[in-house]
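The chain contents come next:
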Amino acid sequence: MLAEFTSPFDATAVRLLREAGADIIGKANCDEFGMGSLNKHSHHGPTINPFRPSSGQIEKRYPGGSSGGSAAAVAAGMCQVAIGTDTGGSVRLPASYCGISGLKPSYGLISRWGVVSYADSLDCVGVLAKEISDIRVTFGVLSTYDNRDPTSASPDMRSQSAEAIKSLLSKLEGNKDTKRPLDSLRIGVPQEFFPSELSPTIINPIRSVIRSLRAQGATIVPVSLPSTSYALSSYYVLASAEASSNLARYDGLHVRPPPGSDITKTSRNYALSRTKGFGPEVKRRILLGTYALTADAFDNYFLQAQRVRQLIRNDFNRIFSLPNFYFTDPSTITVSQEQEKSREDQIDVLIHPSAIRTAPRIDDTADKNDGDESDLDSYVQDVLTVPASLAGIPALSVPVPERYLDPKGDGWPIGVSVVGQWGSDELVMRVGEAIERLNDSPSGNNVV
Amino acid sequence: MLTLRCCLRRRNLLDARYFRLFHDARSHEPVKADPRWPGWQVVIGIETHAQIKSTHKLFSQSSCHTRHSHSHSPNTEVSLFDAAFPGTLPRLNPICVDLALRTSLALQCSIQAQSSFDRKHYFYSDLPSGYQITQQYVPLAKNGTLHISQPDGSRTPIRIKQVQLEQDTAKSTFVPYKRESWIDLNRAGTGLMEIVSEADLRSPEEAAEYVLALQAILRAVGSSDGNMEDGSLRCDVNVSINPTGGPTGSGTRCEIKNLNSVKFMTAAIRHEIQRQSAILVSSPDARIEQETRGFNEDTFETFRLRSKEDAPDYRYMPDPNLGVLRLSKDRIEHVRSTLPELPWQTRKRLEEVYKLSERDIDVLLGIDSGREVQFDGEKARGAVKYFEVAVEGQGLVPHGKPLDPKVVMDWIQKLGGLLAKENIPFRSNPITAEQLGELVYLLQTDAITPTSARRLLRHMVKDPTTAKTSFVAKEGDYYTFSSSLDRNSTSAVSQETSDKDPLTVLCEKVVAERSEEVGKYRKGQKNVLNVIVGAVMKESKGRVDGKKARLILQQLMEES
Numbered sequence: 001m002l003a004e005f006t007s008p009f010d011a012t013a014v015r016l017l018r019e020a021g022a023d024i025i026g027k028a029n030c031d032e033f034g035m036g037s038l039n040k041h042s043h044h045g046p047t048i049n050p051f052r053p054s055s056g057q058i059e060k061r062y063p064g065g066s067s068g069g070s071a072a073a074v075a076a077g078m079c080q081v082a083i084g085t086d087t088g089g090s091v092r093l094p095a096s097y098c099g100i101s102g103l104k105p106s107y108g109l110i111s112r113w114g115v116v117s118y119a120d121s122l123d124c125v126g127v128l129a130k131e132i133s134d135i136r137v138t139f140g141v142l143s144t145y146d147n148r149d150p151t152s153a154s155p156d157m158r159s160q161s162a163e164a165i166k167s168l169l170s171k172l173e174g175n176k177d178t179k180r181p182l183d184s185l186r187i188g189v190p191q192e193f194f195p196s197e198l199s200p201t202i203i204n205p206i207r208s209v210i211r212s213l214r215a216q217g218a219t220i221v222p223v224s225l226p227s228t229s230y231a232l233s234s235y236y237v238l239a240s241a242e243a244s245s246n247l248a249r250y251d252g253l254h255v256r257p258p259p260g261s262d263i264t265k266t267s268r269n270y271a272l273s274r275t276k277g278f279g280p281e282v283k284r285r286i287l288l289g290t291y292a293l294t295a296d297a298f299d300n301y302f303l304q305a306q307r308v309r310q311l312i313r314n315d316f317n318r319i320f321s322l323p324n325f326y327f328t329d330p331s332t333i334t335v336s337q338e339q340e341k342s343r344e345d346q347i348d349v350l351i352h353p354s355a356i357r358t359a360p361r362i363d364d365t366a367d368k369n370d371g372d373e374s375d376l377d378s379y380v381q382d383v384l385t386v387p388a389s390l391a392g393i394p395a396l397s398v399p400v401p402e403r404y405l406d407p408k409g410d411g412w413p414i415g416v417s418v419v420g421q422w423g424s425d426e427l428v429m430r431v432g433e434a435i436e437r438l439n440d441s442p443s444g445n446n447v448v
Numbered sequence: 001m002l003t004l005r006c007c008l009r010r011r012n013l014l015d016a017r018y019f020r021l022f023h024d025a026r027s028h029e030p031v032k033a034d035p036r037w038p039g040w041q042v043v044i045g046i047e048t049h050a051q052i053k054s055t056h057k058l059f060s061q062s063s064c065h066t067r068h069s070h071s072h073s074p075n076t077e078v079s080l081f082d083a084a085f086p087g088t089l090p091r092l093n094p095i096c097v098d099l100a101l102r103t104s105l106a107l108q109c110s111i112q113a114q115s116s117f118d119r120k121h122y123f124y125s126d127l128p129s130g131y132q133i134t135q136q137y138v139p140l141a142k143n144g145t146l147h148i149s150q151p152d153g154s155r156t157p158i159r160i161k162q163v164q165l166e167q168d169t170a171k172s173t174f175v176p177y178k179r180e181s182w183i184d185l186n187r188a189g190t191g192l193m194e195i196v197s198e199a200d201l202r203s204p205e206e207a208a209e210y211v212l213a214l215q216a217i218l219r220a221v222g223s224s225d226g227n228m229e230d231g232s233l234r235c236d237v238n239v240s241i242n243p244t245g246g247p248t249g250s251g252t253r254c255e256i257k258n259l260n261s262v263k264f265m266t267a268a269i270r271h272e273i274q275r276q277s278a279i280l281v282s283s284p285d286a287r288i289e290q291e292t293r294g295f296n297e298d299t300f301e302t303f304r305l306r307s308k309e310d311a312p313d314y315r316y317m318p319d320p321n322l323g324v325l326r327l328s329k330d331r332i333e334h335v336r337s338t339l340p341e342l343p344w345q346t347r348k349r350l351e352e353v354y355k356l357s358e359r360d361i362d363v364l365l366g367i368d369s370g371r372e373v374q375f376d377g378e379k380a381r382g383a384v385k386y387f388e389v390a391v392e393g394q395g396l397v398p399h400g401k402p403l404d405p406k407v408v409m410d411w412i413q414k415l416g417g418l419l420a421k422e423n424i425p426f427r428s429n430p431i432t433a434e435q436l437g438e439l440v441y442l443l444q445t446d447a448i449t450p451t452s453a454r455r456l457l458r459h460m461v462k463d464p465t466t467a468k469t470s471f472v473a474k475e476g477d478y479y480t481f482s483s484s485l486d487r488n489s490t491s492a493v494s495q496e497t498s499d500k501d502p503l504t505v506l507c508e509k510v511v512a513e514r515s516e517e518v519g520k521y522r523k524g525q526k527n528v529l530n531v532i533v534g535a536v537m538k539e540s541k542g543r544v545d546g547k548k549a550r551l552i553l554q555q556l557m558e559e560s
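Protein chains in written order, with the UniProt record's numbering: chain A, 1 to 448; chain B, 1 to 560.
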């Protein structure tokens, strides 16, 4: 649809990177309008995952989607850092499949001005890199208030949440060189994020990571986020509904109509432009979203999905020790309620697998392409990433150290996600670095 | 909020139930029989769209100024957002909100502390993004009142259901000979206020009164120009009829869209009443079909646009970018406390303070359509303010005795006539209120005559100056010839001292020149005096007091 379109302006994110001296080497492949979990639905064809397992076996696998091109470029060493957008996991999933780190920041921290909207209420600009230190530098440049984005977090919100998290960060800083660097950190393990679809070759390495974090002094708390099971359905209703609205502008009138258009009748021009211009996955989501917004379906689909989204936010707000400074409805949260929460039930970050599997083979799904089952299959890949998107909270996928991988597995990378309260992006990166450091230590249970 | 949304939604969907719940706010009044449609009661509700008079559009920084000048070229005031470029996002213009708040407060609405923006989806070539941002579920303000005047002078309250903010669309022009549609995005994204009345109006004339009263309010608070002709005010009218004595509002309504003058609106309502009553009397089973209708400005008839079944599903969705609009009490109070004077308040003041007649007030409020406020709600010097400054006569009357308001009013009207002749709108009037005030002062102190005052004013309109009126009068020799008969000769400041006063000198000159007429006069033809006075007038270019000239001439001719 936008093959011949060149935007006349730079996105705020691009402008900030350029101003900070970054060298922008190119645009990366991604699923059309960010819709896809594999990088399969690209106009240019799929990107091939550049990872090579230690077995040396060469096979074509997907890099994950939608920002698969960005992840692959980083994994292949073409660039130090890449940015991508994450609506339901589009940065974290490719990071996990390609064996690199990917941060979906808190919603509203990085300006969306210049980001082609898929679902405005979920879209986030994310950062991918091999090293979290590179993500931190890049995120630091990008995370700034922009009055061109009406959802940009105000300087007030930013300073409030920075203030709230300050003491925990300085404690961790103080512990840095001790034997228990994560002392005073409470990590929650949400039971709902270990669904039946999850293969044992994923669970075991994640367990090892959690054990190592405990060995570094972190308190591990099993927690429950009961609304998680509805998250995927809620996500697909809301994201598709917003997509059907956002993509209405691609009508073939304001960009050049496709050849053969009947320009004497606008409706025919719309039909042809949108039929020819969009790929099958985009059309599917537009139709789903259009249905969800029709007068007959609105209550049961869109409003229901919004209610579920609120339940999911409430779940997270209940377990996090910090308050949410962005999605605060002043009428519902009072100080006394905040005080009632006892430290015992609360956690600072959550940890869970980033994906239910390793990167899928390209021929795997290509064979039974276009069947409905395979598409539903690919939707399920987002099941672990969409809750953080719906809640607008930061989530970082970090590769599990190679030596923790299950010998029975396929040798491809597994990502572990660290999720925090809105605004605790720095905390999430600190915990991510603790996982990163597990690579260096001689034994998993006895670390720095 | 969710429950509220559901309620609103159901109400929109189930029109039948909505009508069963019809509340007749005027049930205490006797139903007036109308000889034009005996046996029928007419029920009318009006939805108006008023363009917000702001410098910038509702969600972008591009200007909406140009829509007022006809010289602008199309597609020049378009931001990337207005053209729906990918990656652009809306930014709410707080001035549009404040102007809509002014309107809502003037309409005595209750302001919603939280309102929200929603997207209304449809494909049309004048809608680049494929949706219009509006306030479907929670409008800015609700439950207001607007009073309309009745022929007997009484005032009837009409309930305002809601006021909401929304975007205007682009303008499309069909060029038949080329079979092309041209799109001008200059209008796209301009702020609109949708003001919805309850179905409290009972005749085409009441509908007209409603629109006029609304126009006056919009102009007084400066939130819109409210011109139907240039599209800054547009009306959709809902009309239903029911048998007199039957339940009010029990008829099926039809909506007539896009009426762009009060005259067309009343004509459309009249036609619609006749059409509906003709259907209903044609057979006992006949029913009115709920539909949307247009109005043909050539035949003065309404025609069907689409039936209820064809009504599009707009797939309303809360706008994910704009979220909830929260208005603090302070902000609402600030708007309330700075609300410009409303039309009836101005009337009352002009009547009580200046004792102006109703006719004079109408004239004053009608100048430049009563615009006292500029873009973005900035105060301007409208005609009322102009009048008040002129009457004050600053610096002229040290002891606070203002000029005669009626004389000032008289001269504002004369000025209006001069401006009209020169095709100058009042807002570009080159005469300042101070200058006009001084003109009236000179006149009231007999320093100039009405004739030369008129000439002086014409001169100042044609050749504008910032100088004081007295200065221009002196330079251009407009002052009245003073005479020894003047009781207050200080007013004629420019006179040199000489043996004889200038008027006498002039009269002597004329008497010397007109020996023939003087001879006739002396022979008893007293009527010839008028001719001689006329000659003096002519010679002085109207700068003499006729009565004084007459006295001096009589003396001169009878002396010798």
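What the hints contain is simulated information worked out from the structure, not anything from laboratory work. Just so it is clear, CB atoms sit at the ideal spot from N, CA and C, and this is done for glycine as well. Hints should not be assumed to be uniformly reliable.
[To be verified] Below, computed lysine to aspartate or glutamate pairings styled on EDC-like, alpha-carbon distance capped at 16 Å:
no.: 1; chain 1: B; residue 1: K547; chain 2: B; residue 2: D446
no.: 2; chain 1: B; residue 1: K509; chain 2: B; residue 2: E475
no.: 3; chain 1: B; residue 1: K468; chain 2: B; residue 2: E422
no.: 4; chain 1: A; residue 1: K265; chain 2: B; residue 2: E434
no.: 5; chain 1: B; residue 1: K263; chain 2: B; residue 2: D230
no.: 6; chain 1: A; residue 1: K265; chain 2: B; residue 2: D446
[Said to hold, decoys possible] What the simulated footprint calls covered on chain A by chain B, stretch by stretch (three residues with Cβ under 8 Å from a Cβ of chain B suffice, anywhere in the stretch; the number is not a length):
no.: 7; stretch: 52-65
no.: 8; stretch: 114-124
no.: 9; stretch: 214-228
no.: 10; stretch: 235-245
no.: 11; stretch: 383-396
no.: 12; stretch: 415-421
Evaluated hints:
1. K547/B with D446/B: The hint holds at about 13 Å.
2. K509/B with E475/B: 23 Å, violated
3. K468/B with E422/B: The hint is violated at about 22 Å.
4. K265/A with E434/B: With a Cα-Cα distance of about 60 Å, the restraint between K265/A and E434/B is violated, given a limit of 16 Å.
5. K263/B with D230/B: Given that 16 Å is the threshold and the Cα spacing comes to 15 Å, the pair holds.
6. K265/A with D446/B: Outside the cut-off at roughly 74 Å; violated.
7. 52-65: violated (count 0)
8. 114-124: Coverage by chain B holds for the stretch 114-124 of chain A (7 residues, Cβ < 8 Å).
9. 214-228: Check failed, 0 qualifying residues.
10. 235-245: With 4 residues in contact (Cβ-Cβ under 8 Å with chain B), the coverage given for the stretch 235-245 of chain A holds.
11. 383-396: violated (count 0)
12. 415-421: That given contact is violated, which follows from only 0 residues of the stretch 415-421 of chain A lying within Cβ reach (below 8 Å) of chain B.
Comparing the model with each earlier hint shows violations of hints 2, 3, 4, 6, 7, 9, 11 and 12; every other hint is respected.
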